[in-house]
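There are 8 protein chains.
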Amino acid sequence: VSGDRFGELLGQVAQGRLSPEAALERLRHLPVDDLQFAQVDHLRPLLQGHQEVVFAQGKLPEQVLGICRSLAEATGAFLVTRADAPVRERLREAFPRADVNELGRTVHLEPDPPPASTGRGTVLIVTAGTSDLPVAEEAAVTAHALGNRVERLTDVGVAGIHRVLRSAESLRRAAVVIVIAGMDGALASVVGGMVRVPVIAVPTSVGYGAAFGGLSALLAMLTSCAAGVAVVNIDNGFGAAAAASRINHLP
Amino acid sequence: VSGDRFGELLGQVAQGRLSPEAALERLRHLPVDDLQFAQVDHLRPLLQGHQEVVFAQGKLPEQVLGICRSLAEATGAFLVTRADAPVRERLREAFPRADVNELGRTVHLEPDPPPASTGRGTVLIVTAGTSDLPVAEEAAVTAHALGNRVERLTDVGVAGIHRVLRSAESLRRAAVVIVIAGMDGALASVVGGMVRVPVIAVPTSVGYGAAFGGLSALLAMLTSCAAGVAVVNIDNGFGAAAAASRINHLP
Amino acid sequence: VSGDRFGELLGQVAQGRLSPEAALERLRHLPVDDLQFAQVDHLRPLLQGHQEVVFAQGKLPEQVLGICRSLAEATGAFLVTRADAPVRERLREAFPRADVNELGRTVHLEPDPPPASTGRGTVLIVTAGTSDLPVAEEAAVTAHALGNRVERLTDVGVAGIHRVLRSAESLRRAAVVIVIAGMDGALASVVGGMVRVPVIAVPTSVGYGAAFGGLSALLAMLTSCAAGVAVVNIDNGFGAAAAASRINHLP
Amino acid sequence: VSGDRFGELLGQVAQGRLSPEAALERLRHLPVDDLQFAQVDHLRPLLQGHQEVVFAQGKLPEQVLGICRSLAEATGAFLVTRADAPVRERLREAFPRADVNELGRTVHLEPDPPPASTGRGTVLIVTAGTSDLPVAEEAAVTAHALGNRVERLTDVGVAGIHRVLRSAESLRRAAVVIVIAGMDGALASVVGGMVRVPVIAVPTSVGYGAAFGGLSALLAMLTSCAAGVAVVNIDNGFGAAAAASRINHLP
Amino acid sequence: VSGDRFGELLGQVAQGRLSPEAALERLRHLPVDDLQFAQVDHLRPLLQGHQEVVFAQGKLPEQVLGICRSLAEATGAFLVTRADAPVRERLREAFPRADVNELGRTVHLEPDPPPASTGRGTVLIVTAGTSDLPVAEEAAVTAHALGNRVERLTDVGVAGIHRVLRSAESLRRAAVVIVIAGMDGALASVVGGMVRVPVIAVPTSVGYGAAFGGLSALLAMLTSCAAGVAVVNIDNGFGAAAAASRINHLP
Amino acid sequence: VSGDRFGELLGQVAQGRLSPEAALERLRHLPVDDLQFAQVDHLRPLLQGHQEVVFAQGKLPEQVLGICRSLAEATGAFLVTRADAPVRERLREAFPRADVNELGRTVHLEPDPPPASTGRGTVLIVTAGTSDLPVAEEAAVTAHALGNRVERLTDVGVAGIHRVLRSAESLRRAAVVIVIAGMDGALASVVGGMVRVPVIAVPTSVGYGAAFGGLSALLAMLTSCAAGVAVVNIDNGFGAAAAASRINHLP
Amino acid sequence: VSGDRFGELLGQVAQGRLSPEAALERLRHLPVDDLQFAQVDHLRPLLQGHQEVVFAQGKLPEQVLGICRSLAEATGAFLVTRADAPVRERLREAFPRADVNELGRTVHLEPDPPPASTGRGTVLIVTAGTSDLPVAEEAAVTAHALGNRVERLTDVGVAGIHRVLRSAESLRRAAVVIVIAGMDGALASVVGGMVRVPVIAVPTSVGYGAAFGGLSALLAMLTSCAAGVAVVNIDNGFGAAAAASRINHLP
Amino acid sequence: VSGDRFGELLGQVAQGRLSPEAALERLRHLPVDDLQFAQVDHLRPLLQGHQEVVFAQGKLPEQVLGICRSLAEATGAFLVTRADAPVRERLREAFPRADVNELGRTVHLEPDPPPASTGRGTVLIVTAGTSDLPVAEEAAVTAHALGNRVERLTDVGVAGIHRVLRSAESLRRAAVVIVIAGMDGALASVVGGMVRVPVIAVPTSVGYGAAFGGLSALLAMLTSCAAGVAVVNIDNGFGAAAAASRINHLP
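Line by line, the protein sequences give chains A, B, C, D, E, F, G and H.
Under the working numbering, the first residue of the first sequence carries the number 1, and numbering increases by one thereafter.
Under the working numbering, the first residue of the second sequence carries the number 1001, and numbering increases by one thereafter.
Under the working numbering, the first residue of the third sequence carries the number 2001, and numbering increases by one thereafter.
Under the working numbering, the first residue of the fourth sequence carries the number 3001, and numbering increases by one thereafter.
Under the working numbering, the first residue of the fifth sequence carries the number 4001, and numbering increases by one thereafter.
Under the working numbering, the first residue of the sixth sequence carries the number 5001, and numbering increases by one thereafter.
Under the working numbering, the first residue of the seventh sequence carries the number 6001, and numbering increases by one thereafter.
Under the working numbering, the first residue of the eighth sequence carries the number 7001, and numbering increases by one thereafter.
Just chain A, with the same shape it has in the complex (with noise of 0.2 Å):
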């Protein structure tokens, strides 16, 4: 509705009942949402050219499924994450395509035929435990989805130095580092100071006690000795993604 305005406006421009210096005068007069419809374009969401993403967590299967039908129509394609088991049967009954995976809680549907891998080099998702494993799940699907080659490396913990040491050329060969880590989270500093690519720290709420739901390893990686190391939110596999793609799309 707020075009209206602006058409009229410009319609009395054309129709020589105002003039051009009155329009600009009036236009300085309007509130906010006249104009803003013309930034729809500009400032769509970052994911856009991919898939839609779903955070299911707290929605009913039937919110999500609802969801998911309307951007299956419209795109082809959607992704789930925090997709619980009832959301996950909800929807690989109505999408039988979807990829559904069960440890990282993530449904994926891909466009028909999946488009080419648009990243600049492949993104690698390390982790310290087996326990850490579904924010890593998480972490795989999401970064395919938007569009990188992911390479995973797991089980690599600190306390056995020499299996991080062992995947050193795994490290270097990667364009982006993702590393998963609760506890100590002391991967993320070992790491960081292995590679000069950039690392993304993802700490998890995985150990009990002074572990504090994943606190440890959050303040942990936020001090890390290695510079340069950057943390997103605890178990926040799908953002650790987010962050790793914008990185491996840089123009």
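These are computed hints drawn from the structure, not numbers from a lab.
Idealized CB from N, CA, C, for every residue including glycine.
One should not assume that every hint holds.
Unchecked claim - Partial list, computed: chain G residues near chain C (C-beta under 8 Å): (1) Asp6184; (2) Val6190; (3) Ala6211.
Stated by the list, open to error - In silico BS3-like links for lysine-lysine, alpha-carbon gap of 30 Å or less: (4) Lys6059/G / Lys7059/H; (5) Lys3059/D / Lys5059/F; (6) Lys4059/E / Lys1059/B; (7) Lys59/A / Lys2059/C; (8) Lys5059/F / Lys59/A; (9) Lys3059/D / Lys2059/C; (10) Lys7059/H / Lys4059/E; (11) Lys1059/B / Lys6059/G.
We have chain A; now place chains B, C, D, E, F, G and H onto it with these hints.
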């Protein structure tokens, strides 16, 4: 400059070189900032119509002085909060006509002649103890500068509940009540239960030990058993006055 | 009973058996509660004149039902908040005429006929994401029950800033704005900077990890860079509506 | 057994085989536990002379039953706190004469005949809201079991300050006052300012959001503006009663 | 002034111009503060009958001096706590007869002649380490000023448990025990298990690192494994003495 | 594979096709992981020589079973900690010879015949209350599996200090003492002051309210007034046993 | 020295005294550090190729000077961060050619001639308020020293959302955006939603009360509603620049 | 004095005036402290046999001097920790022979001649960065004073993992390793995984922002992924040395 593109576009419409429809289409694709100039008037800061407010904490006396000089020139008025002794000294010299409030750490230059109060009623500022007075003074000076009549009620801590009760009539005469208290912040609940008008609670950092710099009062006020008490940041007399002024200037 | 002593004393004065001076002296020594009965009328709860509000959390369905029966008999109306499924079920059976809001977990029995809205203007309830809707519904139902006109504006998170901007006119038409957001709570600052009317911010427990059950949004809103934004407890839609209603009924 | 060495030593002294000086010297070198047996009588637990108290949380019904059986046999009495439904059920069957308090989650077997109250005065238990009643009942049953007369005063939250004031006489009649409140814990300050007798404040976990499981009430009570209010752990009705009983049995 | 309306009303009753019933009705509608004057006597502060207590922290030396002058004139006595060096110096000059306690940061002017102790028994103040002495001295001076006999037991930390045990008889002779300890606050549990009289625990800010300014001792004391230990704020020697004095003056 | 490049290089040196100096130079430029294979033997996990330990929390019964099968095949032994009921059930079926500890949630398959204890002395595990027993059992089973003689001392809370003292001789006989306590954690300080051997303190999550899931005991133990008490994570019986075993196997 | 053993071994192989197989076997048993020398080149610190960075906080001026002298000699360049006034003074004297940034507390000695920028695009540093400038300057100087082109955009707090919007084009021109904000940290979410390139958010300790030294901004940024915003430590301008430089030098 | 009653009792037994049985009975009723004198020898402090340790923080120089004089006279030795500049100065004058460690803030007077080291092996003190050196020096001086051989390994932060690896042999030669690190505390996990001997981790307050005064390192070390790492308080070099000395003196 962004106005230029706009003017140019309007000129083409006026000259018939561009149809209104085509102009509208083209506008859709202009980046935000080319349109945004028009919004300045509509998005001016809250305090518009009153003196500009300068937060002096972390600024050098010379910097504050510079900003005040430019404001005084443009509008004949300014309000400085969190002005420590050197800042107050510097401004007192430069603006002998300004009101300096030592306790509240404010410096206020009013327009000449001072404008009439524009609020609907009185903003009543209630404090629990004498140590809360600096915050109360900051609130009082700010509320006055924003065009409100201000009254004060001091030293009515709930441990002497009769002092609170004896103030009941003052409390009910006010349009908005600002309650300022540290430690247990209990005064907010008692006052909130006694009046029906809006109550803004300000926790203060008064107290030691488990007061944790105002955290105890903050949490207590947020969980007040009186319905509809709203809270601002610890020691934020300025913010409470701004909130009260928004309320007292309800259209 | 405490009125008795008083009446007795007045009788003695009327009969000339006690001088006014002696009666006054004696009154000075009566304990508080012998005088206090007189104050009941003056200290009635905030929401007087409207339906009574019952906080159902931690109460058994039978207990809530009992309170509601007694309220319905006395006043023909009640509002129940934080009503879980069993409570809602029990009340729906007993009061078929009551409005049950599943999302907002409220049950509202309006007087018949419903009273006209008594507030000055509209209370606008703005939410950042769909997960914030339960809190928004609690606020909306409460504000309506307290005699306010209510409007809703949903899903205007700041990560898509154009959606916020497009709402500018709605925002400015309101008498009071309630902003409801979890995670970074950034919407409160953006809205607070766009309007001059009172803004009540409600942090929600939406989010995980470093959201710490609403703590991140709470701290962000308390330290909002927009002046004069006031905050209520996490998820406290009821409290926000009560605060907004105090404001909207400013004498 | 450690008494044996001692007796042996004394026997040698009695028989003239060991001089008192040599015995003393030898005692100096006996390890602690050989002497310590003598102290059992002097260091018996606080509640001696009353029924033993069993904290049932984290124990299986069978375990609690076993302890209670042994206590009932030895002393004819016991008190169980934090007894959940299965524990209560199991004890009700085994001890039909025991008092089971559903709200306070206690099971109390009194000696037969019940002993007279031994405390100096009355322990008054004041609660702010109905959600605080479970803690109040735990306190009431415990105080009674420890030999105190108990009175209750319920639902006197400070948001309706007149209800507190009307209770002034009851408050002043008590020997010790236990104040139980969640959320802002403000009742402790108000009551603490109204009476001169000892006040024990119990924060409760009632409330949500910034109540942080009782932290808000705990901090508020610790920083109470009323002098000399002492605090126990969150929800610790038992501890408050034990403290009150220590006071009420002052020699 | 509020007494006036009352007197006037009583005069009218005395003159037969108003029936007792009508007067009673009218009283029901008088605002709180018109009745409240009568309550002053009944609601006098806790410490009444003793010297007034001035909390000097955050007050200027001149302000403290002014309050003390007025108190000395009215009552011949005062107690100042948290008096830093300049305040102590200023008061020493003005009141040469006052007792200045450097360690406890108190200045005490006793009535002349000093009143006899009015408490039932002895308040015993036990400290874990020498760094806790300032808090102990504040408690000792306050307890004395409030009319209690005071004894001290110092440096009985639990790491040398024999020192605690050797004090058992002193502990059991006391009417009330104040336990003052920082760091792990373990002394409160050990003493609480050794005596049957009331125990007030004062956590101190002694310690570094994970002592977090007294938080470790505070939490430990609140969760003491000894039943019925009550706690006051960190470093609050004054509050502990006030609580002990309430207990020791049990009617 | 990385051994290949090395072998190849050595072969060239052996064949005289590469001088030792040139080989050394080339080695300097090999990436880490080409050298690292050699370190596996030197960096094997701590527990080498003993059974492998599996942390079952967050793993499915089938996953744990798979790991255990492979360990049993390779080494004839395993230890599973944090095994919930389904895991324990599954392992009991598969390994009838394994020891299942219900309280400690462990499943232990010992080599056949069981190896002799290899530690220097006895690891003594002391608990404050019966609720601490699950952690104590986890510690006991782990210490035994790692080759240590284990003794237990239960229910020696400091509120009954005579029980602690009576245990003095047992305490002093031990090579290492593990102290397990929740709430105020005071036992660690008392024991730490009574013995000269190493003390490992384990805070437990036993307690409610201000125990904050073990935080109170953790902070108290970290700030213990006994010198040289070392602490592990909340409820970490396994870690305490591992630390004790490192100590007890001192070369 | 560890190279020696290696050389010796290679010598034996060359002389035929040791077969390649035996040498390989022996290498497997060499301790880590005998092999590790070879890795130095591969594991050099992140910033290699640029000036070395010295963190001056907690170092004496003389110590910093010593390190800088040695760096200047070896590489002709250095960067010092967190240099307080005495350090800056000392370095200014010793290295007159060095750039001293008072606001950012940095001292930078560039190689002569300064190297060309090596990054892909521009690092844009955006600040919410003038108090955030010291952190912004630290970031700017560091990013420049690491070989990046730097632009600044200052004072674009979200409370004046039009200022942010007007910067949209600058934002979209950048290769990497560093967003620096204290208090509610809301700018990170708004900018994160406006651009598709990587965003590094830096919370600052600007603010008081519930800002808790940057905690509010930190939590808000970690829970940003804009997908893919990565965060570094509070006030860590250096770390943000290092992360941005890793990104901007993506191979 | 308590020995007197004992002696008297023994005398009566020797004289046949009291039967051993009656004496035993009477002993049962003697208060603790009459028996306790015998325990002094058995409960002497940990550090017995070595110099006494004085914690100087919060003590005046004169007080520290007094204690040291008395210790020097009695034992010819002392160790002072946390000695600030004035204390160090005062002790240097009084005891020219004492070793003053500026960095570690210790003053140590050794017996003459110094005793031989009595520990089993070497205590190795490893630090992550140069800012951790004050804590390391405190640990080193303390460990030496308690009779241990000490070695140091400095600046082996995990961000340069090769520096850690190159130290592997030193690490494995030690009997006990003390790891001292601030910020992310990751070094504890890496070292804990490399050695089989006991590891004591000391978090330091080095770092800013989310390091929260050592909290980040503390939590990380408590949740270390290396099994059996034990932790002491933040910055507690003394405590780490005391723990290490307990271990190194294992009987």
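Hints and how they fare:
no. : hint                  : in the structure
1   : Asp6184               : holds, 4 Å
2   : Val6190               : holds, 5 Å
3   : Ala6211               : holds, 5 Å
4   : Lys6059/G / Lys7059/H : holds, 27 Å
5   : Lys3059/D / Lys5059/F : holds, 27 Å
6   : Lys4059/E / Lys1059/B : holds, 27 Å
7   : Lys59/A / Lys2059/C   : holds, 27 Å
8   : Lys5059/F / Lys59/A   : holds, 27 Å
9   : Lys3059/D / Lys2059/C : holds, 27 Å
10  : Lys7059/H / Lys4059/E : holds, 27 Å
11  : Lys1059/B / Lys6059/G : holds, 27 Å
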